[in-house]
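Residue numbers (the numbering used here), protein chains in the order written: chain A, 1314 to 1686; chain B, 215 to 315; chain C, 47 to 217; chain D, 69 to 400.
Read the hints as simulated data drawn from the structure, not as lab findings. By construction, the Cβ of each residue, glycine as well, lies at the ideal position given by its N, Cα and C atoms. Accuracy of the hints is not assured; some may be wrong.
Reference listing, derived: stretches of chain C covered by chain D, where coverage requires no fewer than 3 residues with Cβ under 8 Å from a Cβ of chain D [as the list claims (entries may be wrong)]:
hint, stretch
1, 71-78
2, 101-114
Below, in silico cross-link-like pairs of lysine-lysine (DSBU-like), each with a Cα-Cα straight-line distance of 35 Å or less [as the list claims (entries may be wrong)]:
hint, chain 1, residue 1, chain 2, residue 2
3, A, 1404, A, 1606
4, A, 1354, C, 214
5, D, 380, C, 214
6, B, 302, C, 214
7, B, 302, C, 71
Computed far set for chain A versus chain D, every beta-carbon distance over 10 Å [unchecked claim]:
hint, residue
8, 1369
9, 1404
10, 1406
11, 1480
12, 1481
13, 1492
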Amino acid sequence: MATESAAMFDTDELVLNMGPQHPSTHGVLRLVLRLDGERVKDVDVVMGYVHRGIEKLSENRDWTQIILLTDRMDYVAAATNNLGYCETVEKLMEVEVPRRARYIRTILAELQRIASHCLWLGTHAMDIGAMTVFLYAFRERELILDLFEEYCGARLTYNSMRIGGLPLDLPSGWDDKARAFCDIMDSKVAEYEELLTNNRIWLERTRGIGVISGADAIALGLCGPPLRGSAVNRDVRKDEPYAAYDEFDFDIPIGTRGDTYDRYLIRLEEFRQSIRIIRQALDGLPEGPVMGKVPRLLKPKAGETYHAIESPKGELGYFIVSDGRATNPYRFRVRPPSFCNLQGLRPLVIGHLVADVVALIGTIDVVLGEVDR
Amino acid sequence: MEITPAHYTVLSAALFTIGVIGVLVRRNIIIIFMAIELMLNAVNINLVAHAQQVENLVGQVFVVFVIAVAAAEAAVGLGIILAFYRNKETVNIDEMNVMRW
Amino acid sequence: MAETIVFYTLSVLILGLAILVVTAKNAVHSVVALVMTFLCVAALYVVLEAEFLAVIQILVYAGGIVVLYLFVVMLVNLGRSPEEHQDPRRLSVFGLGLAGAMLLEVAGIVVYSYNRSASTVTAPAAASPVQGNTQELGWLLYTDYLIPFELASVLLLVAMVGAIVLAKRDL
Amino acid sequence: MLDTVFWPLVKIVVLLNAVMISVTFMTLLERKVIAWAQSRLGPMRVGPYGVLQAFADPIKLMTKEDITPANADKMMFTLAPILSLVPAFVVFAVIPFGDDPLYYVADINVGLLFLISVTSIGVYGIILAGWASNSKYPLLAGLRASAQLISYEIAVTMTLVSVILTAGTLSMVEIVEAQRETGWWIGFIQPVAFVLVLIGGLAETNRAPFDMPEAEQELTGGFHTEYSGMRFGLFFLAEYANMIVISAVVVVLFWGGWLRPFPSVGALALLDYIPSWIWMFSKMFLVLYLFIWIRATLPRYRYDQLMRIGWKVLIPIAIANVVITAVVKVLL
Chain A
1314 MATESAAMFD TDELVLNMGP QHPSTHGVLR LVLRLDGERV KDVDVVMGYV HRGIEKLSEN
1374 RDWTQIILLT DRMDYVAAAT NNLGYCETVE KLMEVEVPRR ARYIRTILAE LQRIASHCLW
1434 LGTHAMDIGA MTVFLYAFRE RELILDLFEE YCGARLTYNS MRIGGLPLDL PSGWDDKARA
1494 FCDIMDSKVA EYEELLTNNR IWLERTRGIG VISGADAIAL GLCGPPLRGS AVNRDVRKDE
1554 PYAAYDEFDF DIPIGTRGDT YDRYLIRLEE FRQSIRIIRQ ALDGLPEGPV MGKVPRLLKP
1614 KAGETYHAIE SPKGELGYFI VSDGRATNPY RFRVRPPSFC NLQGLRPLVI GHLVADVVAL
1674 IGTIDVVLGE VDR
Chain B
215 MEITPAHYTV LSAALFTIGV IGVLVRRNII IIFMAIELML NAVNINLVAH AQQVENLVGQ
275 VFVVFVIAVA AAEAAVGLGI ILAFYRNKET VNIDEMNVMR W
Chain C
47 MAETIVFYTL SVLILGLAIL VVTAKNAVHS VVALVMTFLC VAALYVVLEA EFLAVIQILV
107 YAGGIVVLYL FVVMLVNLGR SPEEHQDPRR LSVFGLGLAG AMLLEVAGIV VYSYNRSAST
167 VTAPAAASPV QGNTQELGWL LYTDYLIPFE LASVLLLVAM VGAIVLAKRD L
Chain D
69 MLDTVFWPLV KIVVLLNAVM ISVTFMTLLE RKVIAWAQSR LGPMRVGPYG VLQAFADPIK
129 LMTKEDITPA NADKMMFTLA PILSLVPAFV VFAVIPFGDD PLYYVADINV GLLFLISVTS
189 IGVYGIILAG WASNSKYPLL AGLRASAQLI SYEIAVTMTL VSVILTAGTL SMVEIVEAQR
249 ETGWWIGFIQ PVAFVLVLIG GLAETNRAPF DMPEAEQELT GGFHTEYSGM RFGLFFLAEY
309 ANMIVISAVV VVLFWGGWLR PFPSVGALAL LDYIPSWIWM FSKMFLVLYL FIWIRATLPR
369 YRYDQLMRIG WKVLIPIAIA NVVITAVVKV LL
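My request is simple: use the sequences and hints to build the entire structure.
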């Protein structure tokens, strides 16, 4: 009784439920925080609120139908999801994708990266209280969505790729619009930097917050900008090139301290590198078909394969098993970067203040649709 | 009817008595502290009223000191209450019957 | 006339709220009643031409000390009311009686002395070279009462240090 | 009777209504200015350029259901918005909006102290709202708010001491008169104090970048999370009224109140034909615009950083400023 009442009367610990309807958990993440004053002593990350069973559903769809399910995982970066899935199946079936299709895929994936980072920057800055950046970033994201709409008709769930290539060629004049967008984006990135990079409050809120060492980051299985922020040089685009990345010049930004500010700088630099890639791809866009030779009825031979791409959030991997008889996968499994990065939240958050929790959820850039699938 | 210092003295006495009742009857130490503040205020009313009557501001000077002492008392007293509460999980004056724990 | 109305209104408010302070079940209600009491006392000071004290009363008492009380009441989040545990040796009725007796005594003295006092005591204020309530008060504080004033500041410093030492968990 | 009761009452009624209306338009101004800063239009639907939005919002708030949570402390829950609103409105009594007694309700000899002390009562509304809601986010916000307001009150009051030393009076009207006599706005004599009061004012009115007690992204709206309808509206009314008070204080203390720029330069005497209250209001507008601008630009400080700035930066500077002012005053 004595110990029980001691626990009951412990004035120092406050259990705070953050989410699933909290405005800063980027969807429906729930954190059960144990607070000492405002300092986080422990946190339970509860997820699964938007679990739709995409992996299981996929085992009952035929190979092409799955593409539109992948749209719904990371719903703010649908094109990279499509790309990862299509390339995995192509690898399984050993299909050759035409060079023009690979170029266009790269352009779409990089545009998607900019769009996703715009959303991240806006919400991250909003979480820390800079609301103007949010609207600026969404203004530019709108331009990308317009480009996608012109290409495939959809603004969010694109369903923009097919196994063996692309469903559509670029509309005429699209490449000029994309070039114009690159020019706009260049100046806008400078604008974001002006608002945040040297802002004292921004520095105080992000520098030294959520520091994680390279070794810890690897141990936790982090990927993407959170991993590179901790000075680990790992980017699937360089290490295991896919699409047409081996034909372009670009740099992978690496952080030094592994804090929130470094991860912010890395993503801002990725804006620039993405623009660089898009420009090169647009200039060198080869002529030719956009669809490879693919049978009408897809039925890969029995076997399994894993293929990863660098999505805006990190390493997005697909593991697919085909039994060679059915027109659907035998096993379909996704390695979502948001899910893996979310595992790093607990060590990042402990010891920080409540206000930092929202900043740290922002810095690892999770999309709950992808975490829960 | 004119208001004389006697009126203020009676008001002050009544307020002081309420404070005394609070101290003697309540068992929540925080409320006892508040009752003490009431008593201090009762005294202040008296001082100010008579300072006005004798047209000498010394009474008001005293009130300034009383307020300063009250602030000091509140700070230390509440600090003690908090420290006590951390150890015994109670603010009941009847349970504060040892000088150490 | 106006002063009479104001005095009686304020007196009723002060006493009513003071009773609320000592009788309220919930400590937070007590604190709020206490704030109101102090504000009414401040209004009484204005009636007594002590504007500076009225403002100090609000600033220090209502705006400072009572916030501290509220803070502590909120921190000391009680699972059970302290009134549940009663010391059998405690004589509350006796205390009540004692307080009543004291009120009677004070009232008796006041009435007695009021009936007697014809001596209009006017110890003329030490001639201060300044005019106005605030200025005169300041003058007194910094001339005749300079040492008590400085001592009060030392007292406050000591209290500050003491409060920090007490409240800090691991020093 | 007419002079002591009737006219002051009329003035009070007019002033309260003016404050209410200016607060509603203040919300519109804020939305518009922030919208322009963010390259959008802001409210455009109600009336031409959305000007009637100022009335649509209060009407919406008044007609909404007023919910009291089941486990809230009903009395305190109702009292809290009132407690935060009343002080915000009371202090308007001592603010002089023009050179004529017509433009202010009262000129009391401890005006500035009165203003500081009454605004310090406003903290009860916030703490009690947080406590009475019986919910964790509002409670955290209430604790934050009380700590924040008390700390910054000390800093601001300390700073005002140096202003009082410079002006030599506590009366708001006489502070302006003192600036007319010297011909210098105190803002030029006390630039440090000006900046400190501006920062402290932002913190005391819970404005960005110090809007910890109501940070939407951290505490889901803070102390007024559980409030709805007009009781929520009262909190907003109080917040914006407080902003207007702070702007008026800054103008009176540092920008010469109703005086024209460079009151001692005879060549600008032409400007005296502009009524004094226009000067006052246009200066207040500038300060309010500055507040909104800051909100549109800056991220939010963290709670511990805020406290650190208050205690380790503002208060020491304020004290140093008081000492320097006193020394200079004695030497001159």
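Evaluated hints:
1. Residues of the stretch 71-78 of chain C with a Cβ under 8 Å from some Cβ of chain D number 4, which satisfies the need for three, so the listed coverage holds.
2. Beta-carbon proximity to chain D at under 8 Å applies to 8 residues in the stretch 101-114 of chain C; the threshold of 3 is reached and the given coverage holds.
3. A distance of roughly 14 Å separates the Cα atoms of residue 1404/A and residue 1606/A; the hinted pair therefore holds under the 35 Å criterion.
4. Straight-line distance between C-alpha atoms of residue 1354/A and residue 214/C comes to about 19 Å, which keeps the hinted pair within the 35 Å bound.
5. Between residue 380/D and residue 214/C the alpha-carbon distance is near 19 Å, which keeps this suggested pair within the 35 Å criterion.
6. A C-alpha spacing of about 16 Å is found between residue 302/B and residue 214/C, which places the hinted pair at or below 35 Å, so the restraint holds.
7. Only pairs whose Cα atoms come within 35 Å are accepted, and residue 302/B paired with residue 71/C is accepted, the gap being roughly 21 Å.
8. Distance check for residue 1369/A against chain D: the nearest CB is about 34 Å away, which clears 10 Å, and the non-interface claim stands.
9. Even its closest Cβ contact with chain D, about 42 Å, leaves residue 1404/A beyond 10 Å, as expected for a residue assigned away from the interface.
10. Annotated as non-interface, residue 1406/A keeps its C-beta farther than 10 Å from every C-beta of chain D; the closest such distance is 46 Å.
11. At roughly 35 Å, the least C-beta separation between residue 1480/A and chain D is larger than 10 Å, which holds for a residue marked as non-interface.
12. Separation of residue 1481/A from chain D is adequate, the least Cβ-Cβ distance of about 33 Å exceeding the 10 Å criterion.
13. Even its closest Cβ contact with chain D, about 23 Å, leaves residue 1492/A beyond 10 Å, as expected for a residue assigned away from the interface.
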